[in-house]
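From first to last, the protein sequence lines are chains P and L. Read in this note's numbering, the first sequence has 66 at position 66, and its numbers run on one by one without any break. Read in this note's numbering, the second sequence has 67 at position 67, and its numbers run on one by one without any break.
Hints may be right or wrong, so weigh each one.
Simulated pairs of lysine to aspartate or glutamate, EDC-like, Cα-Cα distance not exceeding 20 angstroms [unchecked claim]:
1) L:Lys117 to L:Asp128
2) L:Lys117 to P:Glu87
3) L:Lys99 to L:Asp128
4) L:Lys117 to P:Glu7
5) L:Lys163 to L:Glu62
6) L:Lys99 to L:Glu137
These aren't lab readings, by the way, just hints derived from the structure by calculation.
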Amino acid sequence: MTDEGLEVAIRGLPRCEPRARLRERILSHSIAPTPRHTSAFGPTFALAALLMLLLADWLVLRSQSGGIPYSPSPQAAVAQAGPASREEIGLMRDLAALGLPLRLAMRHPSLQPETYLELRNRMLNEADGG
Amino acid sequence: MESDEPSAIGALPLPFPLKGRRVSTHETADIAVIYEAYASSIYRYLITLLGNPDEAEDALQEIFLGVMRRPRRERLRDLRAYLFRAAHNQAIVTLRRCKRHEEMPTNVCWIALEACKSDDCELAIDVDRALRALPTEQREVIALKLGEELTFREIAQVLDIPKNTAASRYRLALARLRAVLESGES
């Protein structure tokens with residue numbers, strides 16, 4: 001028998017096959033464990049987070065360059081304020097009568113009349129007690 | 001005997017229904033087509049190496065599960081070569097396990113003796129006997145070449161050996177087969 005004859009003879013022999021139930025067994029494992037759409041969640045979330053960071057950066061830069069005003073400085077507040085009302089004039093007089101440094105008090109724009117009055121009452125009480 | 005034309009694995013990496021489109025090894029339909037196209041070939045190669053139908057089926061299942069577990073982003077350049085290579089590696093793992101547990105595999109080959117016609121039966125039995133007498137490294141080359149029609153280039157790729165080594169193993173195996181068959185005839 002020649003090599004070619006042997007090759008032809010071997011090629012012509014019937015070949016075994018895997019059992020049919022193996023196919024079902026293997027394909028039963030081929031269902032994806034996670035839904036397909038969840039695979040895009042990570043990239044989408046990362047992109048959204050990046051956009052939010054960029055937006056926050058832009059807001060900070062814009063506010064620092066004067067685009068978004070901070071609360072006005074005391075000098076600006078004084079300059080912007082209109083003529084003093086009678087209540088405010090009374091407040092200033094009281095401050096002067098108490099001997100408090102009026103300039104200093106005026107440099108604190110957060111000092112509200114209520115705060116001032118409370119402070120004044122306390123000082124008056126202390127003066128009476130002393 | 002062997003032409004230097006481009007490898008059939010590279011030229012036709014996918015079975016016809018999947019050709020020309022991206023294949024997902026996570027889709028049941030694609031896995032079914034891949035199974036229909038390659039499972040029999042891989043099974044016969046496994047049975048040639050392992051000599052045991054049950055072990056070959058278990059190994060085949062492991063190979064397909066491995067394909068399905070691959071990360072989605074990893075793309076297979078050459079599916080058939082990958083499957084044969086995986087079969088080679090899985091067979092080594094199985095043989096090691098059998099050796100460790102001192103299990104002697106049933107020594108059968110890829111020829112379906114029960115399906116032989118009466119006039120082919122004698123030849124089939126002789127060839128089967130001769131194939132089983134071959135060393136594994138020669139038997140697997142015969143199985144890949146004559147059983148699955150791989151080229152020497154593809155066989156070298158699967159077995160991770162030089163092409164010339166694959167060719168020389170084939171020639172040696174063929175000569176030994178012929179000698180065994182002729183001695184049986186005489």
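Here is how each hint holds up against the structure:
no. : hint                 : verdict
1   : L:Lys117 to L:Asp128 : holds (15 angstroms)
2   : L:Lys117 to P:Glu87  : violated (120 angstroms)
3   : L:Lys99 to L:Asp128  : violated (24 angstroms)
4   : L:Lys117 to P:Glu7   : holds (19 angstroms)
5   : L:Lys163 to L:Glu62  : violated (28 angstroms)
6   : L:Lys99 to L:Glu137  : holds (18 angstroms)
In this structure, the earlier hints numbered 2, 3, 5 are contradicted, and the remaining ones agree with it.
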